[in-house]
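Engineer: Chain residues, written in single-letter form:
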Amino acid sequence: QKEVEQDPGPLSVPEGAIVSLNCTYSNSAFQYFMWYRQYSRKGPELLMYTYSSGNKEDGRFTAQVDKSSKYISLFIRDSQPSDSATYLCAMSNNQGGKLIFGQGTELSVKP
Amino acid sequence: GAVVSQHPSRVICKSGTSVKIECRSLDFQATTMFWYRQFPKKSLMLMATSNEGSKATYEQGVEKDKFLINHASLTLSTLTVTSAHPEDSSFYICSAKSSTGIIWGSDTQYFGPGTRLTVL
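In order, the protein sequence lines correspond to chains A and B. Going by this note's numbering, the letters in the first sequence line up with residues 86 to 196, in that order. Going by this note's numbering, the letters in the second sequence line up with residues 47 to 166, in that order.
Don't take each hint at face value.
Said to hold, decoys possible - To give an idea of the chain A side of the interface with chain B (calculated C-beta under 8 Å), a few residues:
hint, residue
1, Pro99
2, Lys127
3, Pro129
4, Leu131
5, Tyr134
6, Phe186
Stated by the list, open to error - Which residues of chain B face chain A? A partial, calculated answer using Cβ under 10 Å:
hint, residue
7, Val50
8, Lys60
9, Leu90
10, Ile139
11, Cys140
12, Thr154
13, Tyr156
14, Gly158
15, Gly160
16, Arg162
17, Thr164
No wet-lab data here; the hints were simulated from the structure. For each residue, glycine too, the CB sits at the ideal point set by N, CA and C.
All chains should be built: construct the whole structure from the sequences, respecting the hints.
Structural biologist: In structure tokens:
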């Protein structure tokens, strides 16, 4: 079993839809949770960073962490074609520690 | 803030040659940099962790004599792929860890744009 599981998609939605991206994990020691966005042939860009459980909101993006279920989510409201990219979840068990990435979910937002 | 650059962005070389890739943190100091490899439609695979002024720590299965890493300063790490072969063709991405919590929490990793290596 992989430490971090993420559905690779592809996921296709119409413009304006609410997108839900998810990852599950098996290591209960993970404390730091991140979501990265990666456009084709580019490096990952940090979108959201959460420590421990709870929600964090930034504009159209909301990150949720449920440590009891070992489940994290990224919600994108009012999705735009420019949101089309691969979204990678990542997590670590200590500050500065090795990041464990999910496989990435390929998202396509159609105009 | 928190910009990481890589050079070159793309390189094509002949089999048997060595290729050097540079990773720079442009507006912050990075005591630790990481080197990843990514295959098409796959996630990032950590190759090694580079600490300024000390030897790099390689992940299991990564040949340290083939992938030479040097972290000479707080803003520069280099990865040299020695005696490259076609199977080394890949997308190589570095990240730098800021210990001062520039934007998000401390110790967040910021990624470079990647270097696409093609070995003929």
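Engineer: So, threonine 164 of chain B near chain A? Judge it on the closest CB pair being under 10 Å.
Structural biologist: Violated. Min distance 13 Å.
Engineer: Hint proline 129 of chain A vs chain B: min CB-CB distance below 8 Å?
Structural biologist: OK, holds: proline 129 of chain A within 8 Å of chain B, min 5 Å.
Engineer: Hint check: is the beta carbon of arginine 162 of chain B less than 10 Å from a beta carbon of chain A?
Structural biologist: Holds - the Cβ of arginine 162 of chain B comes within 10 Å of chain A, reaching about 7 Å at its closest.
Engineer: Just to be careful: measuring from the Cβ of lysine 60 of chain B to every Cβ in chain A, is the smallest value less than 10 Å?
Structural biologist: Constraint on lysine 60 of chain B not satisfied, violated at 23 Å.
Engineer: The hint names tyrosine 156 of chain B as touching chain A; please verify it with the least Cβ-Cβ distance against 10 Å.
Structural biologist: holds, 6 Å
Engineer: Under the criterion of a CB-CB separation shorter than 8 Å, is lysine 127 of chain A in contact with chain B as hinted?
Structural biologist: holds, 6 Å
Engineer: Please check whether glycine 160 of chain B passes as an interface residue: C-beta within 10 Å of a C-beta belonging to chain A.
Structural biologist: holds, 5 Å
Engineer: Does the closest beta carbon of chain A sit nearer than 10 Å to the beta carbon of leucine 90 of chain B?
Structural biologist: Holds, about 5 Å.
Engineer: How about tyrosine 134 of chain A: closest beta carbon in chain B under 8 Å, or not?
Structural biologist: holds, 4 Å
Engineer: Under 10 Å is the threshold here; is the Cβ of valine 50 of chain B close enough to any Cβ of chain A for the hint to stand?
Structural biologist: For valine 50 of chain B, the interface hint holds, since the closest Cβ of chain A sits about 8 Å away, which is under 10 Å.
Engineer: Checking hints one by one. Is cysteine 140 of chain B an interface residue toward chain A, by the C-beta closer than 10 Å rule?
Structural biologist: With a minimum Cβ separation of about 8 Å from chain A (threshold 10 Å), the hint on cysteine 140 of chain B holds.
Engineer: Restraint: isoleucine 139 of chain B near chain A, CB-CB cut 10 Å. Satisfied or not?
Structural biologist: holds, 5 Å
Of the numbered hints given earlier, the model fails hints 1, 8 and 17; all others are met.
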